Amino acid sequence: MTSTDEELVARSIRGDADSFNELILRWERPIYALAYRTIGREEDARDVCQETFLRAFRALPGFRGQAKFSSWLYRIALNLCRDWMRRERRTPVVQASEDVDLMDLAVAAEPSESIEDLVARKDLARIVAKAMARLPEEQRTAIVLKEYHGLTFQEIADLVGCPLSTVKTRLYQGLTVLRRELGHNGQRP
Amino acid sequence: MIDTCEYSGNRDEALIAHVYDDIDPVERARFDAHLAACARCRDEVRALTGVRNQLAQWEPDLIVAGRQLSAAGPPSSAASPLRQSWWREIPAWAQVAAALLFLGVSAGIANLDVRYDRDGLSVRTGWSARAQPAAIVPAASPAQTAAPWRADLTALEQQLKTELRTRQASATTVAAADRQTSSRTASAGEADLVRHVRALLDESERRQQRELALRVAEVLRDVSTQRQADLVKIDRSLGAVQNNLGVEVMKQRQSLNLLYRASQRQ
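Residue numbers (the numbering used here), protein chains in the order written: chain E, 1 to 189; chain Z, 1 to 266.
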């Protein structure tokens, strides 16, 4: 039977290294994806991901379970991303190669998808990533957490520490800007 | 021309809540009723839903430390079934290309040993086997032989447990010791913790690499089986074509003979 995060956290606090390893396996991908979409650099996202788990491990004895473990982990990762952006004093960079690697495309192909569709999809992904990178940090974070991590408005509000209505406003403004940006790139929403 | 919206509540918030389907029933009913009458809001809902569909395309496969990670959401919520089995469903030629590429790289970085001989295909992630042939001794248990990394992981785990216990015990002792000694011990313990968590993370990465290697081996086996089946089909089809061709040739020959005889008579 699969243990819940809370059970694994409790066992980790008691010194069970396997349980913490299980938590890493469970949350490594979402945390990496969050960092990558927020920062836009693979290498830095990897560092943020690793640092998130290091901090979580150090702070684990102080984790009282007021929030979900995942929310706590997301908050650590988001703070690290914010620190990174302030330290580097730059907006996220989109790592998107202009030339198309056919091998990558082939591996990324969904079943029954033609190579033309695949190229178009990759192209759109690159345009979306660029448009996301241009959004203000608060709007981008709200969209990433809602769109790619499925958090509720309330969870996002708790996580970033702002009122519920602000989260909705940031999402509305962000999506509206994206609609305009994507329209300029010839993409019809 | 776009109509004026006369929604009485906070339009933007209601709109975004509707687009994300994260809205309480009372407000949903109210906004649905409004949508039925407001073309402007309907257009905007459609447009923002379109933007969301486009955002869904930003699903890059990310290479981290030599392994592929999907940028999916949390394990319980956003991971789609398609993405979970992407490597099973991509075209066979792409699977073969990806598998060969992966095996080549992995063999270089992870001592991966792939063999295809009389016994069939075998894949080994021999971290110790290649450098130390003596490591493969009959005394090793089957489980250890099958997964030599388990011993390392168990040892690491034991060591970490011991150190965590020591740390807990030392925490009480340290309180009584003098301040200088305590700060030195704490910083050393901190460094140890960092090192061990890094080791855990590395082990987690290696484990995923091994899982991927096994899956690639499965893909190769499936492709090989499919290839054999295809070859048999092609063979049968060729036989059928040859038969048909033979019959056609015979008919042609008979026609030519008839024509020849007819021309002889004339």
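Please keep in mind that the hints were generated in silico from the structure rather than gathered at the bench. A few of these clues could be false.
[What the hints assert, rightly or not] Okay, the calculated beta carbon distance ranges per label pair:
#1 123/E with 155/Z: 24 to 30 Å
#2 191/Z with 15/E: 17 to 23 Å
#3 25/Z with 137/E: 52 to 58 Å
#4 79/E with 233/Z: 54 to 60 Å
[Unchecked claim] To give an idea of the chain Z side of the interface with chain E (calculated C-beta under 7 Å), a few residues:
#5 39
#6 45
#7 51
#8 55
#9 226
Only a predicted model underlies this, so the values are computations on that prediction, with no experimental measurement involved. Cβ coordinates follow ideal geometry from the N, Cα and C atoms, glycine included.
Now for the hints, and whether the structure bears them out:
no., hint, result
1, 123/E with 155/Z: 24 to 30 Å, "violated (49 Å)"
2, 191/Z with 15/E: 17 to 23 Å, "holds (18 Å)"
3, 25/Z with 137/E: 52 to 58 Å, "violated (33 Å)"
4, 79/E with 233/Z: 54 to 60 Å, "holds (59 Å)"
5, 39, "violated (17 Å)"
6, 45, "violated (11 Å)"
7, 51, "holds (5 Å)"
8, 55, "holds (5 Å)"
9, 226, "violated (15 Å)"
The structure fails to meet hints 1, 3, 5, 6, 9 from the earlier list, while all remaining hints are met.
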